[in-house]
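Use the sequences and the hints to build the structure in full.
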Amino acid sequence: MEKEIGTIFEGIVNGDMDLVRTNVAQALEKDIAPREILNSGLIAAMDEVGSLFEKGEFFVPEMLVAARAMKSGLEILKPKLAEAKVEAKGTVVIGTVKGDLHDIGKNLVAIMLEGAGFKILDLGVDTPPERFVTAVQEENVDILALSALLTTTMTVMEETVAALEGAGLRDKVKVIVGGAPVTQNYADSIGVDGFAPDASAAVTVAKSLLN
Amino acid sequence: MMNSRERVMCALAGDQPDRVPFCEGSVDASIARALAGSDRDLSERQISDMLKRDVVVSIVFAPYFADSIIGSDGQSYVTDGWVKTREDLEKMELPDPNDLELYKDARKVLDEKGDYAAAAAIKLGVAPMFMSMGLDGFSYALMDDPDLVHEVLRRYAEWQIIVNQNLVEMGFDFLWSFDDMAYKSGPFCSRLDFIEFLLPSLQMVAESITIPWVFHSDGNIMSLLDDLLALGINGLHPIEPGPMDLAEVKTKYGEDVCIIGNVSVDKLSSGTPEEIDRIVRQCIEMAGPGGGYMISSANSIPSYAQPENVRMMAQAIQKYGRYPLRW
Chain A
1 MEKEIGTIFE GIVNGDMDLV RTNVAQALEK DIAPREILNS GLIAAMDEVG SLFEKGEFFV
61 PEMLVAARAM KSGLEILKPK LAEAKVEAKG TVVIGTVKGD LHDIGKNLVA IMLEGAGFKI
121 LDLGVDTPPE RFVTAVQEEN VDILALSALL TTTMTVMEET VAALEGAGLR DKVKVIVGGA
181 PVTQNYADSI GVDGFAPDAS AAVTVAKSLL N
Chain B
1 MMNSRERVMC ALAGDQPDRV PFCEGSVDAS IARALAGSDR DLSERQISDM LKRDVVVSIV
61 FAPYFADSII GSDGQSYVTD GWVKTREDLE KMELPDPNDL ELYKDARKVL DEKGDYAAAA
121 AIKLGVAPMF MSMGLDGFSY ALMDDPDLVH EVLRRYAEWQ IIVNQNLVEM GFDFLWSFDD
181 MAYKSGPFCS RLDFIEFLLP SLQMVAESIT IPWVFHSDGN IMSLLDDLLA LGINGLHPIE
241 PGPMDLAEVK TKYGEDVCII GNVSVDKLSS GTPEEIDRIV RQCIEMAGPG GGYMISSANS
301 IPSYAQPENV RMMAQAIQKY GRYPLRW
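Line by line, the protein sequences give chains A and B. Each residue of the first sequence is one higher than the one before, counting from 1 in the numbering used here. Each residue of the second sequence is one higher than the one before, counting from 1 in the numbering used here.
Calculated from the structure, these hints are not laboratory results. Any given hint could be a false lead.
Quick look at which bits of chain A chain B covers, simulated, 3 or more residues with Cβ under 8 Å [claimed, not checked]: (1) 64 to 77; (2) 150 to 160.
Derived BS3-like pairs (lysine-lysine); straight-line CA-CA distance at most 25 Å [said to hold, decoys possible]: (3) LYS172(A) x LYS119(A); (4) LYS85(A) x LYS55(A); (5) LYS207(A) x LYS85(A); (6) LYS172(A) x LYS55(A); (7) LYS207(A) x LYS184(B); (8) LYS3(A) x LYS98(A); (9) LYS52(B) x LYS319(B); (10) LYS71(A) x LYS84(B); (11) LYS184(B) x LYS55(A); (12) LYS184(B) x LYS98(A); (13) LYS250(B) x LYS184(B).
With beta-carbon atoms standing in for the labels, derived distance ranges [stated by the list, open to error]: (14) ASP193(A) x GLU274(B): 32 to 38 Å; (15) SER68(B) x GLU130(A): 49 to 55 Å; (16) GLU10(A) x LYS252(B): 36 to 42 Å; (17) ASN39(A) x ILE69(B): 35 to 41 Å.
These figures come from a predicted structure and were not determined experimentally. Virtual Cβ for every residue (Gly too), placed ideally from N, Cα, C.
Shown next as structure tokens:
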């Protein structure tokens, strides 16, 4: 592995933005393939961050600074990825369901999915079922990720799934759910494709659904 | 028979009162109105009279310096904190902690408290820091400018110490801090960051509290409990069901701290009265023996709770909570 790739990896895990930016630029100057920088540097590092989070060695602050460092490298890399026609792993539409204004958990999931190489379309909070339906209709969406923090708003997940079915789109996307009151049992009961208890697990679930 | 104040203070001291106190910190106004069949908001005293709750509570929270939006439930939700850099510190305009206006509600609650235990709900400074910096701002500052975190916490702590002294002088029976520090999976930050950044500020504020006090944090705080209890906490609330186990906390820490909780808020909103009756009984069975226990919801009674479930909770506490506990 080229030295720069290893340094990008370390820089992301340690949250060092400057180191990541410098080494992404140097790697490009050395004509290392953008795909290699993305996969072996950026995505591999965020995989490691997710793994450290799951082991309880990393907490949300470490995850956020790593994601910030990853994004700083991705900004430089993006034009080159486009030139090289490197595509995202998949497109995820994400949002907190209608009536629910909590966004911290949803944002963490979006950050980790982006770090894993997915394209993210974030619809924000208080998102009505019809907005999710429209996004799935208009974009080439692989995964719809729904978040809810309240027992009362969790039920809107089911309404959203029903709206997708009503629009004839249910088979077009995989649906994953998460948030404080959501459980695997609840996910099973509303017939979605996946449940993740935290942001790191959401990446594992998303990847497995597209494989 | 003890009065409510005696009952609460007895349990807070770790002893066994005449019955398990009902120590609910917050009952949403719409639920109280529904239970009373009234169009008008109820006072703290009226809510306690209605539900046979043993406390009255006044909220004296430090302000957040953050953007917020109002949800359809009328609650305010913080969207992003304002304090991201040192320049932003000027946005932290804390009110004069000696301004009598700050204590208007507190005065009213104390004036009508009667035999109830009066609690002042406060923030130690950690939750306001998280809200004012945002979790991202806090995280980035740990990397870019750690002293900014210390400074925000110091400002809140110094303000809170004066507020605490005033609340104690006013005659509150205990203080009840509300500073969330954890998700279901565990603390917001590592124990190292907790010890370096949060704990010194918590210690400063805790040392200023000269009456019993209760600590509240949602989520799984098991890994922080030894450090937190060393602050001199008298009561621990709410032992969130799921991430925390009431029986485990009682076994491990029941001798050290009064345990307060943990009737599921999810069940209060989506369960049946029969389930609530069963949960109240289970809570008392698990944590009631020997005293040092007060029952409450596992957070607060929110607007989306079912009034009949709240009524059942209050009734079941009366039914099962008398010492000596018999089933």
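Of all the hints given earlier, name the ones this structure violates by number, lowest first. 4, 6, 8 and 15
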